[in-house]
Amino acid sequence: MRPLTDEETKTMFEKLSKYIGDNIKLLVDRPDGSYCFRLHNDRVYYMSEKILKLATHISRDKLVSVGTCFGKFTKTIKFRLHITALDFLAPYAKFKVWVKSGAEQSFLYGNHVLKAGLGRITENTMQYQGVVVYSMTDVPLGFGVAAKSTLECRQVDPMSIVVFHQADVGEFIRNEDTLT
Amino acid sequence: MGRKLDPTNTVKRGPGRKSRKQKGAETELAKFITDGDYQICSLILSFCRAAKRVQKSKKPKAAAAEEEPKKGFTDENSQWLKPAKRKREGDEPESDDSDEHWEEEEEEEEQTKQTKKGEDDDDDEMVDDYGAVDDSSGEEAAAAEEDSDGEELLPIERAAKKEKKKKETMAQESDDDDDDDDEEEDEDGGDKEKKSDADSDEEDTVQANMDEMDAFRLPDAEECEKESIIPLDLKTIYQRIKDNVDVLCNFSTKREVGKERSEYISLLKKDLCTYYSYNNFLIEKLMDLFPLSELVDFLEANEIQRPVTIRTNTLKTRRRDLAQALINRGVNLDPLGKWSKVGLVIYDSSVPVGATPEYLSGQYMLQGASSFLPVMALSPQEGELVLDMSSAPGGKTTYIAQLMRNTGMIVANDANADRLKSVVGNVHRLGVTNTVICNYDGRQFPKVMSGFDRVLLDAPCSGTGVIAKDPAVKTSKDEADIQRSAHLQKELILSAIDSVNAESSSGGYLVYCTCSIMVEENEWVVDYALKKRNVKLVPIGLDFGKEGFTRFKERRFHPTLRLTRRFYPHSHNMDGFFVAKFKKFSNVVPTATAGKGNTFSHEHMQTFIMLVNMLNMNSSSKKKTVPGKAGDLKGKPQANGTAAKKTANIKKKGKRDSPAGPKKAKIAKMDGETVQEAEAKKPAVKTADDTKASKAEKKEGSRFEKKQGKNRKATTKANGRMGKNKFRKLKNMLRKKGGE
Numbered sequence: 001m002r003p004l005t006d007e008e009t010k011t012m013f014e015k016l017s018k019y020i021g022d023n024i025k026l027l028v029d030r031p032d033g034s035y036c037f038r039l040h041n042d043r044v045y046y047m048s049e050k051i052l053k054l055a056t057h058i059s060r061d062k063l064v065s066v067g068t069c070f071g072k073f074t075k076t077i078k079f080r081l082h083i084t085a086l087d088f089l090a091p092y093a094k095f096k097v098w099v100k101s102g103a104e105q106s107f108l109y110g111n112h113v114l115k116a117g118l119g120r121i122t123e124n125t126m127q128y129q130g131v132v133v134y135s136m137t138d139v140p141l142g143f144g145v146a147a148k149s150t151l152e153c154r155q156v157d158p159m160s161i162v163v164f165h166q167a168d169v170g171e172f173i174r175n176e177d178t179l180t
Numbered sequence: 001m002g003r004k005l006d007p008t009n010t011v012k013r014g015p016g017r018k019s020r021k022q023k024g025a026e027t028e029l030a031k032f033i034t035d036g037d038y039q040i041c042s043l044i045l046s047f048c049r050a051a052k053r054v055q056k057s058k059k060p061k062a063a064a065a066e067e068e069p070k071k072g073f074t075d076e077n078s079q080w081l082k083p084a085k086r087k088r089e090g091d092e093p094e095s096d097d098s099d100e101h102w103e104e105e106e107e108e109e110e111q112t113k114q115t116k117k118g119e120d121d122d123d124d125e126m127v128d129d130y131g132a133v134d135d136s137s138g139e140e141a142a143a144a145e146e147d148s149d150g151e152e153l154l155p156i157e158r159a160a161k162k163e164k165k166k167k168e169t170m171a172q173e174s175d176d177d178d179d180d181d182d183e184e185e186d187e188d189g190g191d192k193e194k195k196s197d198a199d200s201d202e203e204d205t206v207q208a209n210m211d212e213m214d215a216f217r218l219p220d221a222e223e224c225e226k227e228s229i230i231p232l233d234l235k236t237i238y239q240r241i242k243d244n245v246d247v248l249c250n251f252s253t254k255r256e257v258g259k260e261r262s263e264y265i266s267l268l269k270k271d272l273c274t275y276y277s278y279n280n281f282l283i284e285k286l287m288d289l290f291p292l293s294e295l296v297d298f299l300e301a302n303e304i305q306r307p308v309t310i311r312t313n314t315l316k317t318r319r320r321d322l323a324q325a326l327i328n329r330g331v332n333l334d335p336l337g338k339w340s341k342v343g344l345v346i347y348d349s350s351v352p353v354g355a356t357p358e359y360l361s362g363q364y365m366l367q368g369a370s371s372f373l374p375v376m377a378l379s380p381q382e383g384e385l386v387l388d389m390s391s392a393p394g395g396k397t398t399y400i401a402q403l404m405r406n407t408g409m410i411v412a413n414d415a416n417a418d419r420l421k422s423v424v425g426n427v428h429r430l431g432v433t434n435t436v437i438c439n440y441d442g443r444q445f446p447k448v449m450s451g452f453d454r455v456l457l458d459a460p461c462s463g464t465g466v467i468a469k470d471p472a473v474k475t476s477k478d479e480a481d482i483q484r485s486a487h488l489q490k491e492l493i494l495s496a497i498d499s500v501n502a503e504s505s506s507g508g509y510l511v512y513c514t515c516s517i518m519v520e521e522n523e524w525v526v527d528y529a530l531k532k533r534n535v536k537l538v539p540i541g542l543d544f545g546k547e548g549f550t551r552f553k554e555r556r557f558h559p560t561l562r563l564t565r566r567f568y569p570h571s572h573n574m575d576g577f578f579v580a581k582f583k584k585f586s587n588v589v590p591t592a593t594a595g596k597g598n599t600f601s602h603e604h605m606q607t608f609i610m611l612v613n614m615l616n617m618n619s620s621s622k623k624k625t626v627p628g629k630a631g632d633l634k635g636k637p638q639a640n641g642t643a644a645k646k647t648a649n650i651k652k653k654g655k656r657d658s659p660a661g662p663k664k665a666k667i668a669k670m671d672g673e674t675v676q677e678a679e680a681k682k683p684a685v686k687t688a689d690d691t692k693a694s695k696a697e698k699k700e701g702s703r704f705e706k707k708q709g710k711n712r713k714a715t716t717k718a719n720g721r722m723g724k725n726k727f728r729k730l731k732n733m734l735r736k737k738g739g740e
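For the record, the sequence lines run as chains V and P.
Sequential numbering of the first sequence, starting at 1, is according to full-length UniProt numbering.
Sequential numbering of the second sequence, starting at 1, is according to full-length UniProt numbering.
Think of the hints as simulated: they come from the structure by calculation, not from any bench.
Note that this is a predicted model, so its numbers are computed, not measured.
Any given hint could be a false lead.
[To be verified] Stretch by stretch, here's where chain P covers chain V in the computed footprint (C-beta under 8 angstroms, at least three residues):
1. 11-25
2. 48-54
3. 58-64
4. 133-141
5. 169-180
[Claimed, not checked] BS3-like mimics (lysine-lysine), calculated; alpha carbons at most 30 angstroms apart, straight line:
6. Lys-254(P) with Lys-165(P)
7. Lys-316(P) with Lys-72(V)
8. Lys-165(P) with Lys-18(V)
9. Lys-115(V) with Lys-15(V)
[Said to hold, decoys possible] A few chain V residues facing chain P, derived, Cβ under 8 angstroms:
10. Thr-84
11. Glu-104
12. Leu-118
Don't be surprised by glycine CBs; every beta carbon is placed ideally from N, CA and C.
Use the sequences and the hints to build the structure in full.
Encoded structure:
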C-alpha cells in the first residue's frame, strides 16, 4: 500500500471532479477525522487514517481491501471509477438524472438511458457532463455521462440515448469477481 | 390438547359432503350417526363450527345459501353446494379456536391423504364451481374443502367402525366410506392412537380397534430377505418408522415378547437411513443426540428449507421503510420475531429477492436467521476493534459494522481467497467503510495482529446443522471428517483467544459459533479452550435456545457449558447452530501445566534426585498437612486462568529461596503432581531448613510412591483439575507468609 503520486492524484481528482465538482475537499477533510487515498494493487482505496494504521500490519500479498475502493488505474494510467464509489459520489453530486421505474431495470442491466426512460434531469447539465443516476424514489443507481445537455434532451426523440452508462449497482451481482 | 367440551352440550353435525351429493344420504347417515357420535366428533372440530352447526344442523342448505350471498349460490345450487357453509364457519372463527381448528385439520389431513384420492373428482368439481363464482376466495375455498373432507371422513369413519363392531348393516354411501376406511386402517394403525388424545372415550374405542389389528411386529428373517431383494416402498417404511418409534417410546407395554430393544433400534436405524437417505454414521450420531420422538422431527425438518430471511441494513434505511418498499414490489414479508429488530422473513415474492433495486443499493442482505445470533451475542460497541476470523461471505461482518455504526475498525479475515470476493462485494454494497479485508489462515493471526476488543469465530464445520441447505452432508460425512473439523476448530479457537486483548476497557470477548450440532465440534472444543486458556464462559444474552450439554456419553464438560446455546431446525425454525461466548480475563498464556494430566518425565525425576541430594537435611514431615489441604481444595471450581497466576507466583517464590530457587521454579513449572508442587510452594513460605527437609522427604516419598501419590490425589481431588488445589494452597501460603 502506498500513497498516490502527484500525477496519479491529479488524474483521479480530475475524474472525480467531473461528478462532484470541487466538493472533493469535503471527502478529504471530514469532521470525523481525516481520510486519505492509498494505492494497492493498482486500485485506489479511500480510508480513514485510523484504519490506515491498522492496515499497515497486514502484509501486501494478504491484503485484499481497505476501507472503500474508489476505482483503479488502468495499464495506461487512466483512472476508472468503480460503482463502489457511489456512496461517496451520490451525496455530493452536482448533476443528477432521475430514471423512470420502467427503465430502472434496463439501466441496472447495463444499458444506456433513453429519452423515454428519463424522468428528471438537473437544469444546466452540459453535454458530456458526469451525472449520478437515481431512481424515482431517490435511490442512487449508478453514474454515467450525459449524452445531451438539458436543453437538447427536451427536443430529442424518445429512442435516443440521453445518458451513457458507466457504472450501476447491478454490477455487484454481474461483476462480483472484478470488484477485487 | 385438553379441550373439554361440556358433555351436556351436544352438537349435531350435518351430513357429509358425499352424502350431501347423493340424495337420501342424510336419511341413511341419520341412522347411525347418533347424538353420542356428534359429541365425540365435535371434540375434534373447532368450537365455533360446533356452535354454528347446532344452529344449522336442521336446515344446513338453506343456511348456507343465506350465509354466503357473496359466493353467488342460487337457491337451486344450495342443495348440494354445502361445503361453503363449513368453510365460512372455519374462516370466521375466533382466533384461538381457529388456530386449534386448523392445526387439527392439518394433522388429520396428512394422515388421511390417501383417502382423499377417491374424492379428488368431487373436489375438482367443487373447486371449479367456486373458481367460476369467486376467484379470490376460490383458493382458500379449495384448501378448506380438502381439510373439511378430511375431518368429515374421520368422524364418519369412526362411526363406521362402531357400526362394524355392532354389526349393523350399512347403506351404500357408508359402504363406500367403509371401503376407504378399510384401506386406511392398515396404514394409519399407529397414527390413530396419537390423534385422539383429547377424548378418552373415543380413544378407548379406537384403542379397542387397534388391539384387534396387527400390533407392530419386527420383520423376521424371511421378510428381511424379501426386503433386500424387493425394497419396500417409502410409504411402508415411513409407517414402519412411526410404529417403531411408538413401540420404543412405550417399550414395556408395546414390545413383542422375546425381542430385544436393540433389534427394534437397529431396524429403526436401517429404515431411517433408507427413508431420509443418510449414511449409517450420521444416523447413529443423531440417535445419540436426540430422543427418538425429536429425532424424526429433526429429520423431517431437514427435508424442507428454512424460510428465507433478510436483514435490514440500518446504515442505509430503516426496517419499516424497507418493508414498505418491498411490499410495493410485491414481496410478502413479516418481521422476524421479537428477538430481532432488523430481521424480516420472506414468505413469497413475485420478484427475485436477491435482485431488487433495494438489494442492489445495499438496503438489506440475505442472511439466515441463525446467523444473526452470534453477532447479537457479540454485541460490538462503537469505536471498538473487532476481528471476524472466518468472515466469508460477509453477512456477519456487515452486521457487526452496522451495529458499530461504521465507527471503530473491523478486520474481516478468511482463509479462502475466492470467497473473499463476496466479502468485498457485500462490504461495498452495504456501505461499510471501517473494514480491512485480508486473507490469512486464522491460525496464524495472533502473529499478524492481536489486541482486539472482540473476536468472532464462525468456525468451518461439518455442516450438520444446515442439511436442509446442503443435502450432500447426509451421506458424505464420517468420523474422520468430524475429527478433522474438530481439530481445526480447536486450533482456530486458541488463535482467536490469543488475539483478544483481555485488558480491553470495553471488551475482551470472543464468540465461537458453528453451524453444526455435533458435540465433538461444539462442546468439546469449548471445553478444550476453557482448559487451555484463561477464558471463562459468560451468558450470551439471548433468552431462547437449548442449553449446551455439560455431559455427553462418556465425556464430562465444565459445568459452565450450560451457558452455551444450541438451536435446532425443528424447534426454532432456523438452521442448526451453536453459540458460545467467552470472556478472556488474563492475557497470560498458561504453559503446559494446565490440563495436561499427571505425567512425569525423566528430566523431572533427575531434578528430584538432585534436590534430594542437595537438601539432605533433617526431616520434618509436612505430609500430614498435605491431605488436609487437598481436602480443603476439593470443592472449589476454578477457571483455568488462575493456574497461570499461580505459576507466576510460584516462580517468584522460587527465586526468593535462592539455592533451590531455579530448581523450585522448574519444579513449579512441571505438570507434575500437585503434592510435589504444593510442597515446593510450602517450603518457600517456611524456613529454609524446614522447607528443604520437607521437600527432601516429600521427594523421596514421591519417588517411591509416585503412583500411590497420584492415586491419592485422584481420590482426594474432585475431578483431576490441578488448578483448584494449587490456588488454594498458594492462597494459604501467601496468608502464612503474610503472618510470618
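Evaluated hints:
1. Using a Cβ-Cβ cut-off of 8 angstroms, 0 residues of the region 11-25 of chain V lie near chain P, which falls short of the minimum of three, so the contact claim is violated.
2. Residues of the region 48-54 of chain V lying with their CB closer than 8 angstroms to a CB of chain P number 4, which satisfies the three-residue condition for coverage.
3. Beta-carbon proximity to chain P at under 8 angstroms applies to 5 residues in the region 58-64 of chain V; the threshold of 3 is reached and the given coverage holds.
4. Only residues whose beta carbon comes within less than 8 angstroms of a beta carbon in chain P count, and the region 133-141 of chain V has 5; three or more means the coverage holds.
5. Residue count for the region 169-180 of chain V with a Cβ under 8 angstroms from a Cβ of chain P: 8. That meets the three needed, and the coverage hint holds.
6. The straight-line distance between the Cα atoms of Lys-254(P) and Lys-165(P) is roughly 24 angstroms, inside the 30 angstroms bound, and the hint therefore holds.
7. With a C-alpha separation of about 26 angstroms, the suggested pair Lys-316(P) and Lys-72(V) falls inside the 30 angstroms cut-off, and the hint holds.
8. For a cut-off of 30 angstroms, the pair hint linking Lys-165(P) to Lys-18(V) is broken: about 91 angstroms separates their Cα positions.
9. For a cut-off of 30 angstroms, the pair hint linking Lys-115(V) to Lys-15(V) stands: about 26 angstroms separates their Cα positions.
10. Satisfaction of the interface hint for Thr-84(V) is found here, the shortest Cβ-Cβ separation to chain P being roughly 4 angstroms, below the 8 angstroms cut-off.
11. The interface hint given for Glu-104(V) is met, as the beta carbon of that residue sits about 6 angstroms from the closest beta carbon of chain P, less than 8 angstroms.
12. Hint status for Leu-118(V): violated, given a least beta-carbon distance of 17 angstroms to chain P, over 8 angstroms.
Checked against the numbered hints given earlier, the structure breaks hints 1, 8, 12 and satisfies all the rest.
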